[in-house]
Amino acid sequence: MLAETVADELRRVVGRESVIDSANDLRIFERDASIEGAAPDAVVLASTTEQVAAVMKVAARHRIPIVPRGAGTGLSGGAVTIRGGIALQVTRMRRILELDPIAQTATVEPGVVNQELSLVAAQHGLFYAPDPSSQKACTIGGNAAENSGGPHCLYYGVTTNHVLGMEVVLADGSVHWVSGDAPDRAGLDLCGVLVGSEGTLCAITKIKVKLLPIPPSVATMLAAFPTIEAASHAVSAVIGHGIVPSALEMMDGVTVGAVEAHYHAGYPTDAGAVLLVEVDGIAESTRELMVAIGKILSDNHGYAMREAQTPAERDLLWAGRKGAIGALGRIKPNYYLHDGVVPRSRLPEVLAAVGEIGEHYKLPVANVFHAGDGNLHPNILFDMRDREVMHQVESAGEEMLRAVVEMGGALSGEHGIGLEKNAFMPWIYSEDDLDAMHRVKDVLDPDGILNPGKIFPDPSRKSVHLAGRTGLAIEARWW
Amino acid sequence: MVTAPAVETPSTAEELAHTLNLAAEERLVVVPVGGGRARGMGDVLGTCDVEIHTTKLDRVVEHSQADMVVSVEAGITLEALQAELAKSGQFLPLDPFNSPGHSIGGLLATGWTGPLRLRYGSPRDFLIGIRVALPDGKLATAGGRVVKNVTGYDMMKLHYGALGSLGVIVAASFKVFPAPLHDVTVASDGGWNAAVHALSTPVPPAALELFSSGHVLARYSGSRDAVDRVAGDLGWKRVETDVWDEHSRRGPETWARISVPREALRRIVHGLPSDAEWWASPGTGIAHWAVTSDARSVLGVRAKAESAGGTLVMLAAPDDFMREVGAWGTPPATLDVMRRLKHAFDPEGALNPGRFVV
Numbered sequence: 307m308l309a310e311t312v313a314d315e316l317r318r319v320v321g322r323e324s325v326i327d328s329a330n331d332l333r334i335f336e337r338d339a340s341i342e343g344a345a346p347d348a349v350v351l352a353s354t355t356e357q358v359a360a361v362m363k364v365a366a367r368h369r370i371p372i373v374p375r376g377a378g379t380g381l382s383g384g385a386v387t388i389r390g391g392i393a394l395q396v397t398r399m400r401r402i403l404e405l406d407p408i409a410q411t412a413t414v415e416p417g418v419v420n421q422e423l424s425l426v427a428a429q430h431g432l433f434y435a436p437d438p439s440s441q442k443a444c445t446i447g448g449n450a451a452e453n454s455g456g457p458h459c460l461y462y463g464v465t466t467n468h469v470l471g472m473e474v475v476l477a478d479g480s481v482h483w484v485s486g487d488a489p490d491r492a493g494l495d496l497c498g499v500l501v502g503s504e505g506t507l508c509a510i511t512k513i514k515v516k517l518l519p520i521p522p523s524v525a526t527m528l529a530a531f532p533t534i535e536a537a538s539h540a541v542s543a544v545i546g547h548g549i550v551p552s553a554l555e556m557m558d559g560v561t562v563g564a565v566e567a568h569y570h571a572g573y574p575t576d577a578g579a580v581l582l583v584e585v586d587g588i589a590e591s592t593r594e595l596m597v598a599i600g601k602i603l604s605d606n607h608g609y610a611m612r613e614a615q616t617p618a619e620r621d622l623l624w625a626g627r628k629g630a631i632g633a634l635g636r637i638k639p640n641y642y643l644h645d646g647v648v649p650r651s652r653l654p655e656v657l658a659a660v661g662e663i664g665e666h667y668k669l670p671v672a673n674v675f676h677a678g679d680g681n682l683h684p685n686i687l688f689d690m691r692d693r694e695v696m697h698q699v700e701s702a703g704e705e706m707l708r709a710v711v712e713m714g715g716a717l718s719g720e721h722g723i724g725l726e727k728n729a730f731m732p733w734i735y736s737e738d739d740l741d742a743m744h745r746v747k748d749v750l751d752p753d754g755i756l757n758p759g760k761i762f763p764d765p766s767r768k769s770v771h772l773a774g775r776t777g778l779a780i781e782a783r784w785w
Numbered sequence: 002m003v004t005a006p007a008v009e010t011p012s013t014a015e016e017l018a019h020t021l022n023l024a025a026e027e028r029l030v031v032v033p034v035g036g037g038r039a040r041g042m043g044d045v046l047g048t049c050d051v052e053i054h055t056t057k058l059d060r061v062v063e064h065s066q067a068d069m070v071v072s073v074e075a076g077i078t079l080e081a082l083q084a085e086l087a088k089s090g091q092f093l094p095l096d097p098f099n100s101p102g103h104s105i106g107g108l109l110a111t112g113w114t115g116p117l118r119l120r121y122g123s124p125r126d127f128l129i130g131i132r133v134a135l136p137d138g139k140l141a142t143a144g145g146r147v148v149k150n151v152t153g154y155d156m157m158k159l160h161y162g163a164l165g166s167l168g169v170i171v172a173a174s175f176k177v178f179p180a181p182l183h184d185v186t187v188a189s190d191g192g193w194n195a196a197v198h199a200l201s202t203p204v205p206p207a208a209l210e211l212f213s214s215g216h217v218l219a220r221y222s223g224s225r226d227a228v229d230r231v232a233g234d235l236g237w238k239r240v241e242t243d244v245w246d247e248h249s250r251r252g253p254e255t256w257a258r259i260s261v262p263r264e265a266l267r268r269i270v271h272g273l274p275s276d277a278e279w280w281a282s283p284g285t286g287i288a289h290w291a292v293t294s295d296a297r298s299v300l301g302v303r304a305k306a307e308s309a310g311g312t313l314v315m316l317a318a319p320d321d322f323m324r325e326v327g328a329w330g331t332p333p334a335t336l337d338v339m340r341r342l343k344h345a346f347d348p349e350g351a352l353n354p355g356r357f358v359v
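Same order as they appear, the protein sequences are chains V and C. Counting in my numbering, the first sequence runs from 307 upward without gaps. Counting in my numbering, the second sequence runs from 2 upward without gaps.
To be clear, the hints were calculated from the coordinates, so they are not data collected in a lab. Among the hints, a few may not be true.
Stated by the list, open to error - Taking lysine to aspartate or glutamate and the EDC-like style, the derived pairs with C-alpha atoms no more than 20 Å apart in a straight line are: (1) V/Lys601 to C/Asp226; (2) C/Lys139 to V/Asp741; (3) C/Lys139 to V/Asp748.
As the list claims (entries may be wrong) - Which chain C residues face chain V? A few, computed with CB under 8 Å, are given here: (4) Val151; (5) Leu235; (6) Val314; (7) Trp329; (8) Phe346.
Positions of the beta carbon are idealized from the N, C-alpha and C atoms, including for glycine.
Let's have the full structure, built from the sequences with the hints guiding it.
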């Protein structure tokens, strides 16, 4: 509970209607799309930068935790108010402030939905490249805070490669514009550090992004493989031939079954895994690349290969991929999703380990992921109403991440560390590494009010309950 | 510099960190040196007590061909790294001016790029891991050896382009790229209009450079059919690809980098003295100017670049000229935040004091 005086201060800043603090209403804001939740003490619905700055000053004055929040689609607990305090909801800030078709840039408020921006840009023959599977709902502000990815990041890069500049509010309530339009700046790259800082360093109030011309030709192919391993080898083979497709996605047999039952997209249900490959460019180039890719896939045990013949068919193939996690609800109502990344060549090994861990805990696991990047998404499927199973689910997830790290990988490719993986940070980074990161935190948020309890290990809350699978040394110390 | 500085050439990262720490504790002024190709960058140092050269840190730590990832020590030259990658048909898409001889650490610290930035972006986009020696003697790693990674803060961005003001980069990992299937360069003497035309081809060029003479070089790479069609449609003269090597050797004694939103570049370049020698990447918004005019004219161009939202940074100049013009221009509005970051990493101000923006 906030002190009544604090709540009054917040109401004075944003208006009575824009502060939510009744216990019932607050429960709506206790979660994002990850597992753990905690209700805020108040939700503030800000509409302007000035309001965000003023709310930040109230939080600073009273040293109350404050957590910026977009659509709440995050998968690592980034928007969860684990220490209570203020949830700073920015979804009312949803204007596209400027779209410059000549410069191919857009300046947007943080609450603009990812897909909306691409739809508006399409009127000028442009698109916004980062495309998380949640793009129908997730916000550009959330994307920038988490440095989100998506299937097409294989070729186009993740959010940070597309953000030119941001207006941010720091923990003291000061408003700054970081970076900007020019390709080089004089001084430190604050913008680059703030993108992906998961709400722990600033609140984002405007984002200037690059837009790209919509490619004139796109070709999309679906190919089946007898096993995940065969599909993994095919992925390495495509890239090894010097071809970087715009997307290269894998779904295992479990996922394909659920997706096909739901979307009837013509996915081959007898397959151990399928690959969805897309290339874009001019027609000559996509044709040539697709022929080359088709040959590599069939040389690597690919079968039932099918190229989308119409845009509608392509959309259906993608609907299956982007809606895959929803379709998994046919198997179990809940999922626990990690997004560790491994060097691409370790995919067969790490997927075998993921499979073994699932079997060990008797939990179904569905893999649907960005294979070209080596970015896993094992979905552990369960029913939350079965209280016994939760501990098993958590242990299985933790073991999977451990396997990722043991193979020289990283804890998260695009979902963020948040609340979910902060305990595992010491698997990857030494005390000195984390200390260097913490210096940035201490400079920008000396009182620790911004999204506390995230990214950095928080021994008071959650400890690692695994010592690691025996006999395997961590390879992550890479120098 | 008043007296000749001591030169240290540590052969391990740990040794380098130790040397840096000793110097910082004794309140000495430390200048990190890589290949020495960008030594003229930044404001004139009042003094320099110790130069720490990364020359001996020149190993390829690991190149995983299948993963298209390479990890190197910071002192390796760009050419040595490219030679290693070329064995597997891969390359790092970085072609800075004043080549050859740049060290990887130096390129990261200075943020220098070349024509290929048009297609591939800068190392800011493909640097995936970094290790830095800090003045307190610690070695801090961030990122990793995977191509997509949000594990912790993006410290690569903090050190990239920071001119060694927060720490000395000792190692780095990159996402590398397959050598293009087909690589064609064509030339024209059609000036800006030709450049603009070539930038709007259905397959955009990988690099496009315009020279003050009106000469234009355009490089197209990708699948054979697409490249041949697009380059053919332009109807320009084919030239050998090694024109790019020649181009990258440009490094005048006094020169400036103009970096502005790309749609403003034409106007800014038109404001240069009429006899100025320059070359530009109209697709990215960057131009390099071999300065032969006086300081006032540089300041005039800088004012225009800054009012367009960009910068004019001196890459090298005689000391007196550099003092008069200043290396960086108007400090950013966030200077105070940057200074606090500098203080958190280098409280004694040992690293390049007064040379960088902070």
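These are the hints, each one checked on the structure:
Distance check on the hinted pair: V/Lys601 and C/Asp226 sit about 18 Å apart at the alpha-carbon level, within 20 Å; holds. With a C-alpha separation of about 10 Å, the suggested pairing of C/Lys139 with V/Asp741 holds against the 20 Å cut-off. For the hint linking C/Lys139 to V/Asp748, the alpha-carbon distance of about 18 Å falls within 20 Å, and the restraint holds. Using the Cβ-Cβ criterion of 8 Å, the hint placing C/Val151 at the interface with chain V is satisfied: the shortest such distance is roughly 5 Å.
The beta carbon of C/Leu235 comes no nearer than 14 Å to any beta carbon in chain V, farther than 8 Å, and the hint placing it at the interface is violated. A distance limit of 8 Å between C-beta atoms decides the matter here; for C/Val314 the minimum to chain V is near 6 Å, and the interface restraint holds. For C/Trp329, the suggested interface contact is upheld, since its CB lies about 4 Å from the closest CB of chain V, less than 8 Å. Annotation: C/Phe346 was flagged as interfacial toward chain V, and the flag holds, the nearest CB pair being 6 Å apart, inside 8 Å.
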